[in-house]
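All chains should be built: construct the whole structure from the sequences, respecting the hints.
Quick note: the sequence shown uses our numbering, first residue 2, plus one each step.
Simulated from the structure, these hints should not be mistaken for laboratory data.
It is possible that part of the hints are untrue.
[Unchecked claim] Below, simulated SDA-like cross-link-like pairs (lysine to any residue); rule was C-alpha separation at most 20 Å, straight line:
| id | residue 1 | residue 2 |
| --- | --- | --- |
| 1 | K109 | S83 |
| 2 | K69 | D31 |
| 3 | K109 | H214 |
| 4 | K69 | D159 |
| 5 | K109 | V145 |
| 6 | K109 | M2 |
| 7 | K109 | L125 |
| 8 | K69 | S82 |
| 9 | K69 | G143 |
| 10 | K109 | G143 |
| 11 | K109 | H133 |
| 12 | K109 | S150 |
| 13 | K69 | V36 |
| 14 | K69 | L125 |
| 15 | K69 | R157 |
| 16 | K109 | R157 |
| 17 | K109 | T123 |
| 18 | K109 | S141 |
| 19 | K109 | A149 |
| 20 | K69 | A37 |
[Said to hold, decoys possible] So the derived label-pair ranges between C-beta atoms look like this:
| id | residue 1 | residue 2 | range |
| --- | --- | --- | --- |
| 21 | G143 | M261 | 56 to 64 Å |
| 22 | M261 | R153 | 47 to 55 Å |
| 23 | Y11 | P254 | 15 to 23 Å |
| 24 | E185 | P254 | 20 to 28 Å |
| 25 | E262 | D181 | 16 to 24 Å |
| 26 | V257 | F171 | 20 to 28 Å |
| 27 | W313 | G19 | 41 to 49 Å |
Backbone N, C-alpha and C define an ideal beta-carbon position, used for all residues, glycine too.
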Amino acid sequence: MQMGIGVAVYVEITAMSGGSELGMVEVLLDESGDVAARVITGTTPYGQGHRTTWAMLVADRLGVPFHKVTVIHGDTDLVPSSEITGGSRSVQLGGTNVWRASGVVADKAREIAARLLEADVTDLTLEEGRFHVVGTPAISVGWVEVLASASRDGERLDGMGDFAQAGGTFPSGAHIAVVDVDTETGGVRLRDMIAVDDAGRIVNTLLAEGQVHGGLVQGIGQALFEEFVYDDDGNPLTGNFADYGFPSAAEVPSFVTVHMESPSPMNDLGAKGIGESGTIGATPAVQNAVVDALSHLGVRHVDLPCSAQRVWEAIADA
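Structure (structure tokens):
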């Protein structure tokens, strides 16, 4: 066995041309009389965790309990507009507009709370779901009182974000892979994978970890396993998951991930994209590690994927 270490650094562009995604928020009483919030978003998740993240943003800004925030997406009867979910753009565009919409709601509610407390609106703050004059939290009104007053006056506590990002953001990172290569058979085993990524300010660490882990596995798959194979007549031989090679949990180690947060000035949240970072850095890092393990034999390149056959052929041709 010969150990190899590979390094890859990258800079990518996310939310390439900027733009906007719908974000609408309303605070209301639910059927049980509890304070709740409804979010309508133009982003459409398919595993990224938008519902969780948008609910966190609303709960954080408005003090509405997290479990009382409902996020609606993909319903053409309720969602008036929607753009693509791609380019690692959703938190930057959709998340920022949900954040801003929450701010609009907070401002409306603060006006009502000021009337109820007979105070100047500029003196009020919102903490843990209650409005009070700064420095005197003992005298306050909550969302229930504010909503009751709004209802009497025919007002709705809703808002829409007005954010459009001027351009893309630029996440970056460095990935390190450590492999063992059997120089007799060409077999490759991935020992360690370390990913250091800067995706701006992280809104939800666990979801960001999931994005990075998934990307790393896909990048490793491209480096070591994934390949379309055809017969002599051009018919695909890898047309299903039984025949197509890709890594499972058994083929990858526990990852070491580090988030270096340098907030972006392009949006209120300071966010950059992270959905594709793992796929960009992992592939060349693993390939470089394989080549490093074989460099003493004169090998300078191995075509992807670095399968046992291709590694063995590279050794034989060196």
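Structure-based check of all given hints:
| no. | hint | result |
| --- | --- | --- |
| 1 | K109 <-> S83 | violated (26 Å) |
| 2 | K69 <-> D31 | holds (9 Å) |
| 3 | K109 <-> H214 | violated (41 Å) |
| 4 | K69 <-> D159 | holds (16 Å) |
| 5 | K109 <-> V145 | holds (14 Å) |
| 6 | K109 <-> M2 | violated (67 Å) |
| 7 | K109 <-> L125 | holds (12 Å) |
| 8 | K69 <-> S82 | violated (24 Å) |
| 9 | K69 <-> G143 | holds (15 Å) |
| 10 | K109 <-> G143 | holds (13 Å) |
| 11 | K109 <-> H133 | holds (15 Å) |
| 12 | K109 <-> S150 | holds (12 Å) |
| 13 | K69 <-> V36 | holds (7 Å) |
| 14 | K69 <-> L125 | violated (24 Å) |
| 15 | K69 <-> R157 | holds (18 Å) |
| 16 | K109 <-> R157 | holds (9 Å) |
| 17 | K109 <-> T123 | holds (12 Å) |
| 18 | K109 <-> S141 | holds (16 Å) |
| 19 | K109 <-> A149 | holds (13 Å) |
| 20 | K69 <-> A37 | holds (5 Å) |
| 21 | G143 <-> M261: 56 to 64 Å | violated (39 Å) |
| 22 | M261 <-> R153: 47 to 55 Å | holds (51 Å) |
| 23 | Y11 <-> P254: 15 to 23 Å | holds (21 Å) |
| 24 | E185 <-> P254: 20 to 28 Å | holds (23 Å) |
| 25 | E262 <-> D181: 16 to 24 Å | violated (33 Å) |
| 26 | V257 <-> F171: 20 to 28 Å | holds (23 Å) |
| 27 | W313 <-> G19: 41 to 49 Å | holds (48 Å) |
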